[in-house]
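Peer 1: Here are the chains, one letter per residue:
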Amino acid sequence: MSNVLEVLVILPAVGALLIALLPKEVRGRLVVPITGAISIAEAILAIVLAVNFKAGVASYQYVSSYSWISSFGISWKLGVDGISIFLVLLTALIFPIAYIGAKERANAQSFAAWMLLLEAACMGSFMSLDLFAFFVTFELTLIPTYFLIGSWGYEKSGAAAIKFFIYTFLGSALLLVGMLALVFIHSAQTGVTTFDIAALAKTSLSSGTEKWLFLAFTAAFAVKAPIFPFHTWSPDAYRQAPTSGVIVLAAIMAKLGTYGILRFDFTLFPHAVVSFGPLLLTLAVIGIIYGGIVAAGERDIKRMLAYSSLSHMGFIILGFFALSREGVAGGVLQMINHGIYTAALFLLVGFLFAATGAIDMDRLGGLQSKAPVMAGIFTLFVMASIGLPGLSGFVGEFLILIGSFSTHRWWAVVAAFGVVISAVYMLWSYQRIFHGKPSEPDLIPESRPIEIKKGQILVLAPLIVIVVALGLYPRPILDRITPSVNALISHVNAANVSPNAIGVIVQKGKG
Amino acid sequence: MEGLIFLIPAMPLAGFFINLFFGRFLPKRVVGWLATALVGVSFVIALTEYFHLLSLTSAARALAPNLFTWFAVGHLSIHFGAYLDPLSSVMILFVTGVATLIHAYSIGYMDHDPRFRTFFVYLNLFVFSMLVLVLANNFVVAFLGWEGVGACSYWLISFWFDRDSAASAGKKAFIINRIGDFGYMLGMFLLFEVAKSLNYTSVFGNIASSAAHGGHPFISGPQATAIALLLFVGAAGKSAQIPLFVWLVDAMEGPTPVSALIHAATMVTAGVYLMARVAPIIHLSSNAGTVIAIVGAATAFVAATAATAQNDIKKVLAYSTVSQLGYMFLGIGSGAYVAAIFLMITHAFYKALLFLGAGSVIHSLGDEQDIKKMGALYKLMPITGFTFIIAWLSIAGLPPFSGFFSKGDVLLAAYSKSPILWAVGAITAILTAYYMGREVYLVFFGSPRYREALTNHDGHGAHSEPHESPKVMTVPLIILAIASILAGVMNLGISSSTDFLTNWLMPVFGKAQANLTFGGGTKVILEVGDIVFALLGIFIATRAWSKTASNPSLEVGFLKKGWQIDHLFDSVFARGSSGLAIELNEIVDNEVIDGAVNGSGRLIGALGGSLRGIQSGYVRSYALIISFGVVLILGFVITRAGL
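Residue numbers (the working numbering), protein chains in the order written: chain S, 1 to 511; chain R, 1001 to 1643.
Next up, chain R with everything else stripped away, as it sits in the complex:
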């Protein structure tokens, strides 16, 4: 069974190579379905691995097969190897599952694109990298996957590269992720210095055994804080947290399936996964969790407010994703690792559903993305509309949809960490139900405002009327909708015997997982509160947006600009430093260094007149004189040697 683990990433890798080299000889359909089927096979293998783990005792649920040694120097020895434990098994299941659906959807969505084949080449490479990230048995191989998904994200965001905005957005995503990677790398270096290894089994094994034996901890508190926070910088880049979230909104320039797969369901959750992975290290630190929770809560709130003022159907979803990722980090920082992973999975379902639904709308309106130019589409696109509403209710956190259970768990943990964090999370919950409600009403209800869009865009042939998308696109919507409703079953929070996800993941997190105990009816009150917040948000959205498409007082410009953080980045870093870059060598190279050299040259020239020849351009003769000089020295030495 252990060897089979490597087949999971190998499948999409095979798809990448086949379509890269032979794709242009294959019919389009074959390219698309081959890419989809191979990811599907990965899902099936992941499923068998899950059942294999299930058959083992909970202590034995950690397989770490090695493939080969990547490099080894000094004390450092890095192996290409996999680490399959309950956490990574859950991750590969939902990654391959969601990826299969989105691959299938893309066959329909990208049908008219001239670079259809290239798209699937990138998409398969992305899934491969993501699986490497998740399945790695050490920080360096995980970094290979980590940077790999970043590169694929760059290629896919700038997929329509002839648009300057798309090309710039891809570049921006990669560069800001690199700032995060700078933190990831320093975190690794420090961990290696302290732990003398970067292998999960070794690092976490040593932490566990030193904790069991008492005495000197394997990693001291301050060291753990530094390592955890440096890795968190990486996580904040990848998972778009303050202040590194600016790239994710621009990333919407990519094709919508890419937004769904990479920028909602999978890649952006990699940071959350990394933090869950290093839970034992965060646990050793007294402050790292608090910092992570504060950044998470702040991001959740800021992004949710920004989402309320967007008019681009995908930008609402982009800010929403940033906000939901903030919730996940709030969970991580509060020690509720299971809740964070739970939210990650349910969010993957309903956010992928929202993006694919948005894609379905964009597709049928001839690439229109402005929700002010939509409206009344429910009757024309019933499947898209109905599934979109399910996703709305799910993200809003209304029972019995999955979002209620997962977000509820995060808020409970936040409350036990600090009521202030809980309050920020609660306000965000109201905002979430509200901004998604606004989008639902503006897109699917009210008056039809899409006529103009349809006449303006003549890109995809003549669309006389918006239409429901083909089956290859709606079937994934239906499957994701069912998953969004039912995924809550994983962890109902009613009794410990039905908390499957908690029971499954507890051996991974152990003592790091916060143990929540609430006195009296606190837990019930908080849960009822969750329902009230959701209803409140839905109510406000209905009041404000069900009848009208214009409500300027609710669309604040400052929020529309995402709190001006992007602007700040642009003016300070991008423009400021490019000016510096252009000026720098003029000054340092030409004036200072060459100036000094020329100055001393002139000095010598003035003294001896010997360099005048060079400056007046007798280059070759000068070169010859020097060559002659070398020969002369050689000759002198040789004669002295008496040969």
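So that you can see chain S by itself, here it is in the shape it has in the complex:
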């Protein structure tokens, strides 16, 4: 199983190429089966990896490494630890659901190719242990996403796609500069040019340099997540993206940002993480409250969910910079949880739009009497998203808050009020869509069924199972997350205790 992670990247990449090269005669018949088969195979492989992933171990597993550009010390090095394994699994699970559930019919061939390429890029980003390889795959996610939004999106998707591209690209430019600067400094110090994260973590940086590098890296990740105030691209992009695109954006690509912060900022700049902690915590808390309040005022379901995501991302960042075991582990768990219920909600909105042609809550209303099953499933994910105990969402949020309460009390207190606001905007939206009487009686002809279809329930079924299972028994996941999280926190703490010797590196954390 030593090269198994390569397969996760190469399979969809080759699949994308294959789809793109399919001859015209067979396109109509083969695009969907091939894409479906590849993404499902990918999911099965990821499940096998996660099941066989050793619990209680902090270090990277399934590591494989190839020298790529040896004179620059660039290597193709993949590995997963307790933090990334579940993001890999999430990616592998969400892609087939997004692809099969959303059923984009127009120009199906290029759509499938872009989706597979995007999956390969996301996989590469979550598994790269080489900074350069990470950067390449991280950047590579932009192009398919740009086209997915722009070509398959709603009426104003063009402008939204540009906005997305410009914001994220500007962030990436800073990341590139920061990355090269770090490598040059390391090279000057040791005489060795390398992009290996573990090696770069040993670079001794002056306090000022570390701060600048931290800001450069964090800017890229903050745009991607997004973190307030770098979020303004996201409501437009989420609103205009097609269902499959928005699922990938919100459920997976947002996690590239939070993952980047944890993996790179925490490993490479442990002092800056502490000194900029209050700034990031404050932005996180503003995001929680501000995102929630704005979500409550939105009448457009997808924009409401975009601001809701901003709020949820705030919780994750709060957990990270709480720098306690409970907080960081809760943040990692919440990345998974958010991926699951956000994907489900956006998928349901897609179904709703297909059935009613409306995405504006003011035009809907009273749908529960015509579509009780859809309403029931929607409620389940609404409750998961507002953190009802027993469903996924609660444990992560609870760990984040209890973990930050003891280290950063007042941030936690303000953030905890987010649980009230989330109930406001979610239940309010639910009421507008499903309760009461139809506000536009002519919107849906009497004869048209709007109830969710069996096939749609089948696509949602895995998410329903996961949302309940993770709520009641998150232990198998937490047991694998916590050793890596503990090692990361020890690394940050050790660095801050003796500023001149960044001793413990992540890979050698206690097992």
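Note that these hints are calculated values from the structure, not bench results. These numbers were taken from a predicted model, which means no experiment stands behind them. Heads up, the beta-carbon is just placed ideally off N, CA and C, and yes, glycines get one too. Wrong hints could be hidden among the right ones.
[Claimed, not checked] Here are a few chain S residues that face chain R, going by a calculated C-beta distance under 8 Å: (1) S275; (2) S369; (3) F417.
[To be verified] The following label-pair restraints were derived from C-beta to C-beta distances: (4) S:N52 with R:T1201: 50 to 56 Å; (5) S:E440 with R:D1570: 37 to 43 Å; (6) S:A55 with R:G1214: 43 to 49 Å; (7) S:V373 with R:E1583: 33 to 39 Å; (8) S:W410 with R:G1214: 31 to 37 Å; (9) S:R29 with R:D1113: 38 to 44 Å.
Based on the hints, put chain R in the right spot on chain S.
Peer 2: Coordinates of chain R only, in the frame set by chain S:
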């Protein structure tokens, strides 16, 4: 025996799943009776567990079996486990008992509803959540039940969701409860920080042992005050205390059995239970009890005054419930934990009886709820009328009905805490006897005014005349009436050997329970006073309402509006903040953030002209240029690498 404890919540959970997935394949009757029977089985198991506890020595009456670990990170380790002690055993008995009766009643009440099956799905899930709340062995699992009952309450209040008022009432209940939950959560966080655990056995064990050994207390006074009051914010949300009570009146939009079960007998008492649970923490604080007692007394009084001016049969009962819950908190705050629990149980009987009786009336009048449009129903609905009067006399606190004993105990404790609190409680007692008397006279006596209602409502077929409800509804009324009369036997207060409830609960509360000693004839005078207050209220009600249905000077508009507190909430929070919500992103996102970005973009554009292409819309070429740029960088690196 320990393993059996888990069967108690498992029964209604099984009912939930069976009816959720297979309900539509089953006949209606089967769905209803299955749901009822499973809760009944829980009651029987609860009874056997009670006898099991009884067979143990009083020190050993605390079973804490664990099922599995929910989550464990760092120092925090939360197990799904049960905690069965005298307090939780009493709670599960009355919860499952009352719930069984109300399930049976609902089979009759909801008979015509097209969503009959869904109703029982929610009702079973509610009972499950309530049992989890009560039986949990730690604060987090209790919170699971706590939020679970809140969610079920939301679904059941907005059960008739096509009515906007019902949908809004459900949402409001959930949101205001969430404000309470915010307090509950902060209380938990602080407790965890101080006690390093959220497990009952560990927290309360440590408090007890540090008290026994003297020296440094496990939780300091100020810490205990903060924890207790934060948890009390949660309790005030769930149990509808000032200022968070506004949701309970709106909650009457739900079907009447829901009002009886959730919004009178069980869920709303969860806050009282939580406070009784943390009695050892409240005991460590010097002020928390006083705050709780003042809030309780104030709520009891305000809600009782509001109840005097309501015309909706259920809203009188809703304000009455708020008021009685206030009494319970007055008891908690005065250190009379046993009295609070005693009142909780007797109140569950007579208030459930009142709601079910009201439901019986509403049912027979074709959904009419205005008591001004009723009258003279006693002769037509004798069982409903007779049991309703028993409940009235019981809540009024007339001996030998149970309310006399339980409310009397609370007032005694309030007197020893402060005569002012006692005086507020005493005035409230007069008001209680009065407003319930008003409702009894307007509904069951005087002149018949229901003709109009019967012709206006044609929803449930033709009702030529109001009629008594079917047996499936009246039998629960009779059982609850018997319980309302006899429940006082639990704690007569005559001699310590017959104070069964006190003897049973004392090991739980220990030193936290206030030790009341009264000099001379004080106790007798206070008890005689209770009777006088009840009679006074009944007398005024009879004078004012037995002959007429109109008495505007006694129905103050300010009171009818519930002291305008709801209005305040609405205008300040709901309307004010929704305006803010709609405006906020227009300003912050569009003007400030994007403004800054666009501004700098324009600046750069002006300087170099490079961004002009983007703004004029050559998106794809721009994207391609950037992609090309990335490729170029890669290529540069690769060539430099000499590959």
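Peer 1: When you take the CB atoms of A55 of chain S and G1214 of chain R, is the distance between them in 43 to 49 Å?
Peer 2: 44 Å, holds
Peer 1: Given F417 of chain S as an interface hint, is the shortest Cβ-Cβ distance to chain R below 8 Å?
Peer 2: Interface hint status for F417 of chain S: holds (6 Å vs cutoff 8 Å).
Peer 1: Does the Cβ distance between R29 of chain S and D1113 of chain R fall inside 38 to 44 Å?
Peer 2: With Cβ atoms ~50 Å apart, the hint is violated.
Peer 1: S275 of chain S was flagged as interface toward chain R. Is the shortest Cβ-Cβ separation under 8 Å?
Peer 2: At about 24 Å, which exceeds the 8 Å cut-off, the nearest Cβ of chain R leaves the hint on S275 of chain S violated.
Peer 1: A range of 33 to 39 Å was offered for this pair. Does it hold for the Cβ distance of V373 of chain S and E1583 of chain R?
Peer 2: Roughly 37 Å apart at Cβ, these two residues keep to the hinted range, so it holds.
Peer 1: Taking the CB of N52 of chain S and the CB of T1201 of chain R, does the distance hold inside 50 to 56 Å?
Peer 2: 37 Å, violated
Peer 1: Is the interface hint satisfied for S369 of chain S? The criterion is a beta-carbon contact with chain R at less than 8 Å.
Peer 2: 6 Å, holds
Peer 1: Quick one: are E440 of chain S and D1570 of chain R within 37 to 43 Å, going by C-beta?
Peer 2: With Cβ atoms ~27 Å apart, the hint is violated.
Peer 1: Between the beta carbons of W410 of chain S and G1214 of chain R, is the distance compatible with 31 to 37 Å?
Peer 2: About 35 Å separates the Cβ atoms of W410 of chain S and G1214 of chain R, which means 31 to 37 Å holds.
Checked against the numbered hints given earlier, the structure breaks hints 1, 4, 5 and 9 and satisfies all the rest.
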